[in-house]
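Given only the sequences and the hints, what does the whole structure look like? Please build it.
Protein chains: 4
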Amino acid sequence: MTPATPLNSLGQPLRAAHARIPAEISSSADYERHAVHHIEAQAWRHIQGGCDQERGLAHNRQAFDRLRLLPAPMADLRGGHTRLDLLGQTLAHPLLIAPLAYQALAHAEGELASVRAAMALQAGYLASTLSSHRLEEIAAAAHAARDELGQGAPLWFQLYSQPTREHSLALVRRAEAAGYEAIVWTVDASVKRSGFALPSGVEAANLHGYPSLRQTSQAGARTIILGTPLADAAPSLDELAWLRASTQLPLIVKGVLNPRLAREAVAHGADALVISNHGARVLDGVVSPLEVLPSIRQSLPATPLLLDSGVRWGTDAVKALALGANAVLLGRPVLHALAVAGMLGVAHLLHLLRTELELAMAQLGCATLEQLGPDCLWNNS
Amino acid sequence: MTPATPLNSLGQPLRAAHARIPAEISSSADYERHAVHHIEAQAWRHIQGGCDQERGLAHNRQAFDRLRLLPAPMADLRGGHTRLDLLGQTLAHPLLIAPLAYQALAHAEGELASVRAAMALQAGYLASTLSSHRLEEIAAAAHAARDELGQGAPLWFQLYSQPTREHSLALVRRAEAAGYEAIVWTVDASVKRSGFALPSGVEAANLHGYPSLRQTSQAGARTIILGTPLADAAPSLDELAWLRASTQLPLIVKGVLNPRLAREAVAHGADALVISNHGARVLDGVVSPLEVLPSIRQSLPATPLLLDSGVRWGTDAVKALALGANAVLLGRPVLHALAVAGMLGVAHLLHLLRTELELAMAQLGCATLEQLGPDCLWNNS
Amino acid sequence: MTPATPLNSLGQPLRAAHARIPAEISSSADYERHAVHHIEAQAWRHIQGGCDQERGLAHNRQAFDRLRLLPAPMADLRGGHTRLDLLGQTLAHPLLIAPLAYQALAHAEGELASVRAAMALQAGYLASTLSSHRLEEIAAAAHAARDELGQGAPLWFQLYSQPTREHSLALVRRAEAAGYEAIVWTVDASVKRSGFALPSGVEAANLHGYPSLRQTSQAGARTIILGTPLADAAPSLDELAWLRASTQLPLIVKGVLNPRLAREAVAHGADALVISNHGARVLDGVVSPLEVLPSIRQSLPATPLLLDSGVRWGTDAVKALALGANAVLLGRPVLHALAVAGMLGVAHLLHLLRTELELAMAQLGCATLEQLGPDCLWNNS
Amino acid sequence: MTPATPLNSLGQPLRAAHARIPAEISSSADYERHAVHHIEAQAWRHIQGGCDQERGLAHNRQAFDRLRLLPAPMADLRGGHTRLDLLGQTLAHPLLIAPLAYQALAHAEGELASVRAAMALQAGYLASTLSSHRLEEIAAAAHAARDELGQGAPLWFQLYSQPTREHSLALVRRAEAAGYEAIVWTVDASVKRSGFALPSGVEAANLHGYPSLRQTSQAGARTIILGTPLADAAPSLDELAWLRASTQLPLIVKGVLNPRLAREAVAHGADALVISNHGARVLDGVVSPLEVLPSIRQSLPATPLLLDSGVRWGTDAVKALALGANAVLLGRPVLHALAVAGMLGVAHLLHLLRTELELAMAQLGCATLEQLGPDCLWNNS
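Protein chains in written order, with the working numbering: chain A, 1 to 381; chain B, 1001 to 1381; chain C, 2001 to 2381; chain D, 3001 to 3381.
Bear in mind the hints are in silico, worked out from the structure with no lab data behind them.
Here a beta-carbon is modelled for each residue, glycine too, at the ideal position from N, C-alpha and C.
Heads up, a few of these hints could be off.
Okay, the calculated beta carbon distance ranges per label pair [unchecked claim]:
| id | chain 1 | residue 1 | chain 2 | residue 2 | range |
| --- | --- | --- | --- | --- | --- |
| 1 | D | Leu3014 | A | Pro294 | 47 to 55 Å |
| 2 | C | Ala2197 | B | Pro1006 | 14 to 22 Å |
| 3 | C | Arg2083 | B | Ala1019 | 55 to 63 Å |
| 4 | D | Ala3023 | C | Leu2014 | 47 to 55 Å |
| 5 | D | Ser3026 | A | Ala197 | 32 to 40 Å |
| 6 | B | Ser1295 | A | Gln298 | 26 to 34 Å |
| 7 | B | Gln1089 | A | Pro294 | 58 to 66 Å |
| 8 | D | Ala3023 | C | Arg2083 | 49 to 57 Å |
| 9 | D | Arg3222 | A | Pro294 | 25 to 33 Å |
| 10 | D | His3208 | C | Leu2213 | 38 to 46 Å |
| 11 | B | Ala1019 | C | Ser2026 | 56 to 64 Å |
| 12 | B | Gln1089 | A | Arg244 | 52 to 60 Å |
| 13 | A | Arg263 | B | Ala1019 | 51 to 59 Å |
| 14 | B | Ala1019 | A | Arg222 | 54 to 62 Å |
Written out as structure tokens, the structure is:
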């Protein structure tokens, strides 16, 4: 079914990644516009897609777009910076790369390119369980880049629960051994549809020899999902407590939107939370992380909160931080930049976003991240 | 005026129904997109149309689309299912097929195909007074399918009041004799415009020899509708009480939106209500069933409520149930699937919607329908 | 500058009015779609246009479109009708034809065609000061139609203040002599831009020999409108009191949106008000009549209120009456129907709207206009 | 990279400015539609652009467009006018020309043409630090026009802070010497992106020999903007106090949106404020001036407030004044008119806007600007 010449979703032959950044690119939106030419059609639809009507994707952007920023000129900006402390590490800025699966769909060097760019631009990096390179390779690339540059940023491992706790634990032990500095456990995507078949040459490199669990409903079954092993084995608070007891690394729970669940996750040992709707890929009509963020911050005043899903501009980061996030994760934009210009593209994207972030902070009269708060937003409700 | 070769509304020759389901269909929206090629132009407009500006159609979708789902990962989903008890029957899931008139407009096998698919997928089926096959034939097909599969779902008869109570009662008696398990009396569509002429070969098979009542205003009349026999004979609470006294079957009133009327209908003997605006086909600008549902549920905490009009996705069913419905009816999507692939199409559609429903329940942390409630929705008003 | 062959705004040669109503017309929107072929380009833009950005036009429709109708099936509709009493006359229904200027732009027979259609369909008729036939001719046509049909509807004269009270009074006296039954004094359009030049053959037939007042600002003037005779001579409450004292006919003030002004107009002698923004032709961004109607009704519980501007469907009339209007005026739709099929078109349009009105009333469970009220609307604010 | 023949953004050869105003122009929107043919592509994008997603541009228009004007016919308009007193001067009307940089991008005569048109139409004029003609030349043109016409309007100088106070003061002294009557100090645009390269022949004529400060971040720097000289030298309240002490001219602070900052600016010596978001060119997602205006007016009841950013129609000016502004500034529309027809175009634009303003005032029943207030707006929130 694959044509001899791979095509992009516009029906054109796929273009190789650029050796340099196209001159006219000056924002993440420009990378998206270019990336469509560099990614094979099926993979593009998989990367871009939300699900069903894609209302969740719309919610994610609407939540950012309806907010109004309120500048504060004539503030004292001297000595300003974007540093923050997070789980015992100091970050140069609050932009991290989300755990993006199968980055080889965007560029042959995949995670190895993106992690090098992240370290060069001092952006925290989350390696996915479903990475197309092995977690050990990614860590090695990150450490080499840190050593070469004399600087760097946090390196965390994102964990999907495996069919047995033994195999989940094996991944945690491998991450510890490879030098990852935190475990990010994703709880929102174990029960979902999967219609995408990986092209040849792309695979879950970390999971050779691991068991897998698939939807197995039979014709005439009284249920399709519920009551099957797939649903019965979904992540639980019990598993969270077990995981907390199983590693010394900081433990971050990713995929929380519900203030009640946020409190329970912390009560069961989470050190931090990623407020995320998984890029609106799992449940259509889902609430956006930005909409729930103020409630979660209110009920958990001291817990580090990272906001994921929908961040495209530096002003988005500013809005999330003003509403209570400590930092934000970047998702699809990283794949777009990776597809267009590899490591160089991701580094450029990060530089653009850092610039946008600092320009917005300056306009808002905030010399440091701590000064970002609800006062930076005009309440027009 | 009918061309020699029937055309669809795109001006193309009509395609026959597929012998198999087209590969790229994975949602009810895909069926709609395909169905336009399989339904003759006039019938397509009749099926798809709301009325006037079609604001009612828009309201129906907006009411679903503005809601935000709030996932609850890490819930205990073990032993989950979608069963419910309704009017003394146990249903495998809360998706029923609405009483759709003249299904032969979509597919030659019409109601016989859709009722077989319903029984195979354990979906309740409502046969319309205006079906293009006789109610006795539809019931026979349903019972044969139940017997063959060893499973099934409720079979109900939808009643439009006839010009005389004698003829209405005749329909009820025929439905009882044929084994229908409830009477669904529609009260919202007796006074409406009808500009659609049935094509040759399609007819109200149940009503041979029955009288009919048509708009009869004369030029110069002081009124056109009001004060004519058409309006004077509209369904009344008296007729409801009479109907209640006339049959032992459960009696469901379909077409209620008004909380006051909902209470009165129950007070006059309705066992359950279908909250419906008749697919926005009768009154433009009409409120959507989902908008009024919470008020009706609040004033009738124990009455079974079925929501009709606008359901297209499994997440829609979840939203309706979260706001107080016991089950939902599927309308136009069934005609689309029927037109594309006959019985197979309808069965596939039901499987897709059941899957969507269960995936959404799993995401929302609900192992059973009882757990769906307002907590599953983010209040962003 | 006028081309040899007159063109419509689509650049096509103008079509003559149809001798019969095109088969596919079944609503006022259909008439609008057809009318564009029958009206010369400049006149079309003049008729259709609001002003500036045309936000006022949008407001007029949005105000209707955002409302939700709440049906009430099973009501007792026996003996229903649409009659109402207004200023001492009994009307068969609450649909009147607004005072539309220069109807010869739409059809050669102009006001003579529309007034005959109005009388045939028992719709009240407001003749404009700026009619393209003399008010005496229009009245004669109306009376002849009434006599012939043995039925009819109110005939009122719309008055624009003339540069001198003497000339205004002359128009009132002519209207009284011709048998008009009320004076409708328009107060909202004396100070406005006028960029439209009447084509040859169309003129203000009533105003031969009357003086006129035009914008006369000179280069270097300190103001352009304010402080000039045009603004200084605008309608005033003094003039209202004088007019009230000058005629025995009922006096209706047209062009009120402001609740304070509505009370003052009544205090100065107005017998009724037309809540109107002049079809959004005078001031862009103007509030819509429907938005202000509830406040005006609340402060003037007993004053007859007619709603003008934006009515296109029978459901619009129902919404206006539910919010407190006694009747509604029809504007642009009349010109569209007139252009398409002359008298026949206007009569057909009125029949369509009456049918829509009665169908909506039946759906809402209202047998008479008095039963229309806020309960017919779902409050979704 | 510049093509031999300059092209507009539609890819057509650039048209010279018209020697006369095109006949079909009757609003600022018409000028915009024409201007695209007369401005070189890069310059057009620079002039038209907001930044990033251009949500700020959208906010600016939405804020005007959502308001509803409430007419008040039958008011006494005799002796009406549009005069106002502002900072010791009497203005014929409340429309001023904003300090638009590099007007030679639109027309070779640039600021010399626009200032002559302003004086002819008695519109206040703000000359930009970044004008393409020297401030002394602009002042000379203004004074010559005033003398010739025997009338005129305020002439103010807009100041951008220079890298040293010495150079800022030099500009102030030159402005005083040239006869400018106020200093307008812009505080909202010192830290921003600048991707636009001036074409040859266009330059900052006032700044020959002045130092400049550019973004100088190095690869590997821990910050890009914050903590660099660019951010550290941003306008401050200290600088405001110094500037206040340095000149006898009235001092206006431009670029305030924040009510708190507005109060502080006045406390530090500002005689008036320009409520502006710099045409949404600096920070995307920024709140619109009209949204914040009521709060600023409430906290500063007596301070002259000028509203900038988004004004396109006379009704916009009316809305701003109704919400508390004393006057408004015109931005992009002036460049459009300048490009289309030079001085004549700008004069025509001002005449159109004055006419629109006075027509709207007449409709609202306001004979003078003082009568414009919240009562002129319908509260539909």
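A quick look at each hint next to the structure:
Take D:Leu3014 and A:Pro294: their Cβ atoms lie about 51 Å apart, and the range 47 to 55 Å holds. Taking 14 to 22 Å as the suggested C-beta distance range, the pair C:Ala2197 and B:Pro1006 does not conform, at roughly 51 Å. Taking 55 to 63 Å as the suggested C-beta distance range, the pair C:Arg2083 and B:Ala1019 conforms, at roughly 60 Å. As the Cβ distance of D:Ala3023 to C:Leu2014 is approximately 23 Å, the hint placing it in 47 to 55 Å is violated.
A beta carbon spacing of about 60 Å between D:Ser3026 and A:Ala197 contradicts the range 32 to 40 Å that was offered as a hint. With their beta carbons about 30 Å apart, B:Ser1295 and A:Gln298 fall inside the hinted range of 26 to 34 Å. Between B:Gln1089 and A:Pro294 the C-beta distance comes to about 45 Å, which lies outside the given range of 58 to 66 Å. At about 53 Å, the CB distance of D:Ala3023 to C:Arg2083 agrees with the hint of 49 to 57 Å.
One distance hint, 25 to 33 Å for the beta-carbon pair D:Arg3222 and A:Pro294, holds here, with the actual separation near 30 Å. As the Cβ distance of D:His3208 to C:Leu2213 is approximately 56 Å, the hint placing it in 38 to 46 Å is violated. For the pair B:Ala1019 and C:Ser2026, the beta carbons lie near 38 Å from each other, so the given range of 56 to 64 Å is not met. Roughly 46 Å separates the CB atoms of B:Gln1089 and A:Arg244, a value that falls outside the hinted 52 to 60 Å.
In this structure the hint that A:Arg263 and B:Ala1019 lie 51 to 59 Å apart at CB holds, the actual value being about 55 Å. Take B:Ala1019 and A:Arg222: their Cβ atoms lie about 29 Å apart, and the range 54 to 62 Å is violated.
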